[in-house]
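K.L.:
Fit chain B to the supplied structure of chain A, relying on the hints for placement.
Line by line, the protein sequences are chains A and B.
Residue 1 is where the first sequence starts when you use UniProt numbering, and the numbers rise one by one after that.
Residue 1 is where the second sequence starts when you use UniProt numbering, and the numbers rise one by one after that.
Identical chains share a label here; the pair holds if one copy fits it or two copies do between them.
Calculated cross-link-like contacts (lysine-lysine; reagent style DSSO-like; alpha-carbon spacing at most 27 Å): (1) Lys308 x Lys163; (2) Lys31 x Lys135; (3) Lys237 x Lys39; (4) Lys163 x Lys380; (5) Lys97 x Lys52; (6) Lys163 x Lys41.
Because the hints were derived from the structure by calculation, they are not lab data.
Being a predicted model, the structure only gives us computed values, none of them experimental.
Number of protein chains: 2
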Amino acid sequence: MKKQTTFITTLLLSVSLSGFSQDNDSTVIRKFFNEALGKGKSYEWLRELTTKIGPRLSGSEGAKKAVSWGENLLKSGGYDKVFLQDVMVPHWVRGKKEEGYILNGKQKVTVPLVALGGSIATPEKGITAEVIEVKTFQELRDLGKEKCQGKIIFFNRPMDATKINTFEAYGQAGDQRRSGANEASKMGAIGVIIRSLSSTENDFPHTGSMQYATGVPLIPAAALSTNAATLLNKTLKENPNLKFYFRQSCESLPDAPSHNVVAEIKGSEKPEEIIVVGGHLDSWDLAQGAHDDGTGIAQSMEVLRLFKTLGIRPKHTLRVVLFMNEENGNRGGMKYADLAKANNEKHIFAMESDNGGFTPRGFGIQGGSADIVVKLQGFKTLLSPYGLNEIERGSGGVDIGPLAPQGTVLVGFKPDPQRYFEYHHASNDRFETVNQRELEMGAASMAAMIYLIDKNF
Amino acid sequence: MKKQTTFITTLLLSVSLSGFSQDNDSTVIRKFFNEALGKGKSYEWLRELTTKIGPRLSGSEGAKKAVSWGENLLKSGGYDKVFLQDVMVPHWVRGKKEEGYILNGKQKVTVPLVALGGSIATPEKGITAEVIEVKTFQELRDLGKEKCQGKIIFFNRPMDATKINTFEAYGQAGDQRRSGANEASKMGAIGVIIRSLSSTENDFPHTGSMQYATGVPLIPAAALSTNAATLLNKTLKENPNLKFYFRQSCESLPDAPSHNVVAEIKGSEKPEEIIVVGGHLDSWDLAQGAHDDGTGIAQSMEVLRLFKTLGIRPKHTLRVVLFMNEENGNRGGMKYADLAKANNEKHIFAMESDNGGFTPRGFGIQGGSADIVVKLQGFKTLLSPYGLNEIERGSGGVDIGPLAPQGTVLVGFKPDPQRYFEYHHASNDRFETVNQRELEMGAASMAAMIYLIDKNF
Chain A
1 MKKQTTFITT LLLSVSLSGF SQDNDSTVIR KFFNEALGKG KSYEWLRELT TKIGPRLSGS
61 EGAKKAVSWG ENLLKSGGYD KVFLQDVMVP HWVRGKKEEG YILNGKQKVT VPLVALGGSI
121 ATPEKGITAE VIEVKTFQEL RDLGKEKCQG KIIFFNRPMD ATKINTFEAY GQAGDQRRSG
181 ANEASKMGAI GVIIRSLSST ENDFPHTGSM QYATGVPLIP AAALSTNAAT LLNKTLKENP
241 NLKFYFRQSC ESLPDAPSHN VVAEIKGSEK PEEIIVVGGH LDSWDLAQGA HDDGTGIAQS
301 MEVLRLFKTL GIRPKHTLRV VLFMNEENGN RGGMKYADLA KANNEKHIFA MESDNGGFTP
361 RGFGIQGGSA DIVVKLQGFK TLLSPYGLNE IERGSGGVDI GPLAPQGTVL VGFKPDPQRY
421 FEYHHASNDR FETVNQRELE MGAASMAAMI YLIDKNF
Chain B
1 MKKQTTFITT LLLSVSLSGF SQDNDSTVIR KFFNEALGKG KSYEWLRELT TKIGPRLSGS
61 EGAKKAVSWG ENLLKSGGYD KVFLQDVMVP HWVRGKKEEG YILNGKQKVT VPLVALGGSI
121 ATPEKGITAE VIEVKTFQEL RDLGKEKCQG KIIFFNRPMD ATKINTFEAY GQAGDQRRSG
181 ANEASKMGAI GVIIRSLSST ENDFPHTGSM QYATGVPLIP AAALSTNAAT LLNKTLKENP
241 NLKFYFRQSC ESLPDAPSHN VVAEIKGSEK PEEIIVVGGH LDSWDLAQGA HDDGTGIAQS
301 MEVLRLFKTL GIRPKHTLRV VLFMNEENGN RGGMKYADLA KANNEKHIFA MESDNGGFTP
361 RGFGIQGGSA DIVVKLQGFK TLLSPYGLNE IERGSGGVDI GPLAPQGTVL VGFKPDPQRY
421 FEYHHASNDR FETVNQRELE MGAASMAAMI YLIDKNF
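Bound conformation, chain A alone (with noise of 0.2 Å):
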């Protein structure tokens, strides 16, 4: 009897722990979105990095700006630590603007185009050509290299608009932009031009890298606008010998120095283990960088500033990383890894933010067990009031990506993905493109989500 009285007060005084420790943790996750909507800093943060700064492909002065701008913000945070980490960086310039016509008969229309990042120059007059339009690399092959020889190449498969999540159907379409060059080359091309990628028929050519392979001629890269691509697609029906002009004065410079930007609040408990929250402070050169990935940055920091605020010491090491160089490099993201391992760090988690400002949906978890998963999951009933329902395996970021080898769990802050590549690495990624309660609202979820993690493992 008194053995079973004993096992019927352990569970009522593990279910009333259990129910005050739920109550505590729904209090503390409100107060994260009370301060974060009421009272909340990254939005402001969002507007001096994006309409003061600006652009700031690694390399330029607005990356060396936004380095100083992150470091003294938060410097100014009295967190326990504020640093830099040295890195080396690609240094890619745009040069003069670019210029591309459809030259059909004696008609020349004038089209959006800009060159794909890490692409070569043309000669300086340009480069015209007859254009062979193809929607695969497999296609291309099967044209034969006769066909192909001293063309310019116009890949125009669209991202998939029926893909729920759009992120899915940029992974389909990526190959044109990443690798399309090479591909070209070998067929005997002279230049490359892709249809942006982009889920909305407009005018904005949106860039982003590519990289070319060894043992293959460099030819020049560049992506059309949508509606470009569309017009070129209709027009090359009409007139299959048109010919198509670009000229672009784009290169590659000699590695420059820059920095992440990293600051900390200790741990109570384990100091020793460290949790990061990050997102990444280049964007491209074309664009204010607002959702991508502005916003990571001004939510990162909101994180650690709310803790700080709020007076919710995390029990692990919670760092915030404004990380370098994710759009054309990572070295930034394995920079900061390489220290980790070199420093002996233990990073149990790592959390990013480079899917937009947009309004929060979950978190995808990549790496650590299935159980690990699970535990996550359990904290649905915590979150999901804050709309955040979708907790499931999916990828972490760039950034924190070569964490993975050292055991870390990745943790991608998921926000609603339709509008995102409305604007992804085009000059329309603008400050004004992002709603302020959206924002807020993530970097709510993200602090949430942080503590619900500091203190379950």
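P.N.:
Just chain B, lined up with the frame of chain A:
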């Protein structure tokens, strides 16, 4: 033994049938999304309604054009029936553009201000008076009549930013707009200005309906932009004796004839049982009425088109209703319900989209038994791959509200609520603020839910 075999066979059969049915349902739902996202019509319809017709307040030329547009468009859809329902609607007109100033000593600061819908005009020369700022009706009453006599009352209670659902914050702040004039009039005030009901700090004043109580002197009522309200609050702190001037020329004309527009696909099995889907065709006069409620109109018409185009014949009769006069009277909604009753029609479900064209989140269920709610929540397995995780008790919608006493279960389509009150009832509620994918996802979500309701009830 035989009995058990039968039992197991039945069990297996039922499992496999249910498995089949799930597969089949998920295929149909996938088709709705493929069609809406790839070849959808809702975005072009929204463009026509908002940019070619534009504002369409009840009784206006715009409203008349919208009725013809909807009727013609539905007639071209090849449905079983298209018809109009006559309804007399309020006819309020804004008249000459309003003017408002803060008169602070010698300073005269112009502020963006609009008359509330239903308000009377000021005298032709406007009114000038000292301002009493309050946050609540109680605070106003506590001041006493003497202090309020001859003054302009300024209701300045913002929407609570910490509410996750902005509609809750809107609900809590709405008394200022709806009844502020009556409360102020009772205290002897000569005019009322309110802080716009908006979640954003900007320069767009938001209108919306107000009603005069009987037996209380009528005084004019207007809304200031949130920025202007903040400025007035600040200026009042510096100079409590400042004066405020406003002039508005609005008036209520005699009721005007108008119409609901209805189209239907006849049910294959239970044609006498009706499922309605709709939104409202009218908008405020200031705006293109994109999110309120052009998106609901375009989505509802798209639902019918999706069934027709995909060859999915509903068991029940499926009706789209473009309701007239949701904004200032709900005469269309009431007329529809009156006619349903008079004609002995049985409406089993009614769905409304009137919360904006944002990314889909789920549905709110009003009326119906607890069993029905559980049954609808059972659809989550099929709907959550499309981000539809929130199926809960909630409000159906204003237009379909009058069907409730007839036992109709009301289903409100719930898009994400974070951005709605940035645009609601203001001149920035424009076509370009609607994202095509979000709009189309909503239409497909509505079609999917109606498909499951039609099949399972």
